[in-house]
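S.K.: Chains as they are written, first to last, in my numbering: chain A, 1 to 391; chain B, 1 to 391.
You may find that some hints are simply not true.
One copy or two, either will do: identical chains are not told apart, so a pair holds if it fits within one copy or between any two.
Calculated cross-link-like contacts (lysine-lysine; reagent style DSSO-like; alpha-carbon spacing at most 30 Å) [unchecked claim]:
hint, residue 1, residue 2
1, Lys114, Lys156
2, Lys252, Lys298
3, Lys241, Lys114
4, Lys148, Lys114
5, Lys143, Lys153
6, Lys248, Lys330
7, Lys91, Lys69
8, Lys64, Lys148
9, Lys238, Lys148
10, Lys294, Lys252
11, Lys114, Lys145
No wet-lab data here; the hints were simulated from the structure.
Source: prediction; values computed, not measured.
What follows is the residue order along each chain.
Protein chains: 2
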Amino acid sequence: MQKNSQISQQIINSIRSVIGAQASSLHEPVFNGNEWDYLKECLDSTYVSSVGKFVDKFEQSLAKLTGAKYAIALVNGTAAIHLSLILADVKDGDEVLTPTFTFVATANAISYLKATPHFIDNDEDTLGVDPKKLYEYLNKFTKQKDGKCINIKTNKIIKAIVPTHVFGHPCRIDEIVDIAKNFNIIVIEDAAESIGSYYKNQHTGTFGLMGALSFNGNKTITAGGGGAILTNSQEIAKRAKHLSTTAKLDHKWDYLHDEIGFNYRLPNINAALGCAQLEQLPKLLKSKRTLFKKYEDKISLLKGVSLFKEPNGCKSNYWLQTLLLDIENKNERDEILSLTNESGLMTRPAWILMHRLNQFSSNPRMDLSCAESITDRLINIPSSSNLIGKN
Amino acid sequence: MQKNSQISQQIINSIRSVIGAQASSLHEPVFNGNEWDYLKECLDSTYVSSVGKFVDKFEQSLAKLTGAKYAIALVNGTAAIHLSLILADVKDGDEVLTPTFTFVATANAISYLKATPHFIDNDEDTLGVDPKKLYEYLNKFTKQKDGKCINIKTNKIIKAIVPTHVFGHPCRIDEIVDIAKNFNIIVIEDAAESIGSYYKNQHTGTFGLMGALSFNGNKTITAGGGGAILTNSQEIAKRAKHLSTTAKLDHKWDYLHDEIGFNYRLPNINAALGCAQLEQLPKLLKSKRTLFKKYEDKISLLKGVSLFKEPNGCKSNYWLQTLLLDIENKNERDEILSLTNESGLMTRPAWILMHRLNQFSSNPRMDLSCAESITDRLINIPSSSNLIGKN
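Start from the sequences, fold in the hints, and give me the full structure.
M.R.: In structure tokens:
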């Protein structure tokens with residue numbers, strides 16, 4: 001017990017020495033730019049809904065930032081993943097590979113299509129999909145048939161893989177894309193957490209056939225809600241926009257819809273907020289990197305715990321700052337969570353692993369020992385970009 | 001040709017005599033209340049996303065206005081219908097009755113669940129589901145089995161009915177609810193267009209087990225996007241909120257989700273706009289009623305065309321103002337659409353009927369002769385609540 005309290009107190013002291021005495025949430029948005037001006041302009045135009053200049057501007061700005069040829073603004077990140085899966089032709093009965101160590105939206109979106117999330121493991125140095133383990137698994141448990149990847153245990157098609165850039169840290173996406181290509185599996189990057197994160201100087205979300213972004217209120221930048229699909233395919237971009245706007249064809253007046261469509265377009269008023277936030281991104285990223293360095297200076301002095309650092313060759317947005325306990329200290333996680341939260345520091349554990357949720361507990365999966373080890377030892381600590389400024 | 005141009009010109013003159021020389025859209029929002037103050041307050045609070053005081057306030061205000069015990073604020077009207085269908089336990093293989101004369105969102109939402117939209121006819125004096133025809137059809141083509149309504153042609157369960165209050169005009173919802181009850185069919189009202197509309201002094205959307213509202217930018221009031229489920233069932237309300245927020249259970253820190261959930265919660269920033277708009281509703285409704293009366297004064301002088309009036313016993317929000325051509329003038333519809341739009345008056349035909357869309361063309365349906373007759377003769381004319389004030 002004494003030892004437990006000791007590491008908890010050391011962690012609290014370290015965080016406090018960086019951010020001061022303030023109570024702090026895990027992540028809150030910062031509105032220091034043109035947020036007011038753009039919202040007011042949007043309201044004055046009366047174009048607050050699914051058509052308007054901010055939606056177009058937001059898409060153009062996202063494309064410019066990420067280097068994707070096209071960005072399609074949607075109502076949230078879940079919608080972006082759902083629509084990407086549809087565009088990848090994922091159907092009832094297909095399997096889709098996805099990390100067990102991810103937010104539940106990915107597995108949910110796969111389930112909306114009555115496809116099956118098939119869980120894969122991550123590695124400890126990126127927190128993302130482990131390419132080596134993926135390759136060995138696919139090699140052993142799949143076969144190719146008519147240009148499709150078949151799970152030899154279930155006899156179902158493995159249509160796509162949705163690797164997540166966890167907490168903003170890029171996974172080994174180039175290796176994952178290569179493997180997926182070899183096995184005829186479509187890559188949809190879950191870049192919901194990684195706007196502003198680069199892998200080998202290329203923005204995350206632009207390696208796969210599609211990438212999904214999120215602008216939920218807890219993300220690095222927010223549009224209230226909001227999400228987007230990134231792609232270099234004109235055909236996919238066009239169809240994404242079409243499907244997200246009830247699949248309505250252009251006509252001078254007729255309401256002609258040519259397939260089952262969705263109401264997934266980002267409202268202009270959310271896009272207005274998103275445009276202003278996007279302008280602030282460089283400044284926010286800089287603050288978040290500074291916060292990391294300040295935390296690192298303190299946490300590196302402690303024994304039994306480390307601060308997660310961006311993988312080699314990557315530039316991470318440091319969306320969330322992450323503590324990893326050494327294996328021998330894993331039993332102290334709950335104590336640390338309790339004491340930090342009690343002291344006004346909002347901290348959170350990793351997500352419960354997808355294969356441990358009741359609704360996904362019988363899904364196909366590989367050995368998930370790395371995820372299982374990490375999730376027991378991981379704690380996210382206050383990560384807002386304004387924590388430095390306040391102190 | 002001469003005759004055609006004559007009625008077109010008469011209609012243009014009538015509209016112009018009411019709204020003046022201004023170019024006018026079909027329906028645009030009006031922001032004359034606390035819209036900016038609430039948006040600014042929301043931004044200043046930094047709670048722009050799925051948690052915040054405006055979401056709660058919006059729900060309370062909606063419940064108070066409509067008399068529903070519970071209102072659950074969602075991202076849009078399509079989400080409200082989709083989630084209502086899930087809460088009604090609509091599943092793959094079920095059939096759901098829905099008017100062919102409605103916006104495509106209803107049929108889409110049914111299709112998301114791999115259920116089948118089964119199309120029914122409307123009557124001419126409400127534009128909504130014809131109860132008499134519905135009763136005769138169900139009586140003839142369904143049987144009861146284990147407390148379920150079975151389509152004897154397809155042998156599938158008819159699980160629910162989604163009657164629409166078209167253009168804001170209440171359908172004969174009490175009769176429809178009675179019939180549905182007799183046949184063990186759940187009623188979900190599509191009240192997307194009918195906020196502020198009352199049937200026998202009760203707000204539309206509160207007669208069925210659930211009702212779906214929409215606050216899209218083209219509606220009477222808007223939240224940018226936005227929608228809501230109305231219900232008197234505490235159990236349904238609780239589950240609607242749970243499912244719309246990724247089915248996450250309350251816990252001091254764990255991310256425990258107990259079923260497949262959705263990202264359907266209305267962001268606080270949209271709710272802020274919605275709250276301000278809701279305060280303006282009485283004033284907007286008054287203006288829209290005045291617009292109707294002014295149009296009626298003029299249109300009633302014309303031959304071969306009439307202005308659609310709220311059904312007996314109803315108080316309609318007059319969301320859209322609607323012309324109905326006499327049957328002998330139906331061939332003039334396109335000419336009228338062309339000339340009005342060319343002259344700066346945005347007019348629109350009725351929706352293309354659902355059973356005429358390719359994706360629904362082989363769906364089960366009753367005789368749809370009334371809808372087929374009406375859709376060829378109907379034209380919506382400029383309906384914004386500020387058209388009077390501007391003139």
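S.K.: All the hints need checking, so say for each whether the structure fits it.
M.R.: We went through each hint and held it up to the structure:
no.: 1; hint: Lys114 with Lys156; in the structure: both (13 Å within a copy, 20 Å between copies)
no.: 2; hint: Lys252 with Lys298; in the structure: between (64 Å within a copy, 27 Å between copies)
no.: 3; hint: Lys241 with Lys114; in the structure: both (23 Å within a copy, 22 Å between copies)
no.: 4; hint: Lys148 with Lys114; in the structure: both (19 Å within a copy, 25 Å between copies)
no.: 5; hint: Lys143 with Lys153; in the structure: within (10 Å within a copy, 42 Å between copies)
no.: 6; hint: Lys248 with Lys330; in the structure: between (53 Å within a copy, 25 Å between copies)
no.: 7; hint: Lys91 with Lys69; in the structure: within (26 Å within a copy, 38 Å between copies)
no.: 8; hint: Lys64 with Lys148; in the structure: neither (34 Å within a copy, 55 Å between copies)
no.: 9; hint: Lys238 with Lys148; in the structure: within (25 Å within a copy, 43 Å between copies)
no.: 10; hint: Lys294 with Lys252; in the structure: between (58 Å within a copy, 28 Å between copies)
no.: 11; hint: Lys114 with Lys145; in the structure: both (22 Å within a copy, 28 Å between copies)
Against the hints set out earlier in the document, a violation occurs for number 8 only.
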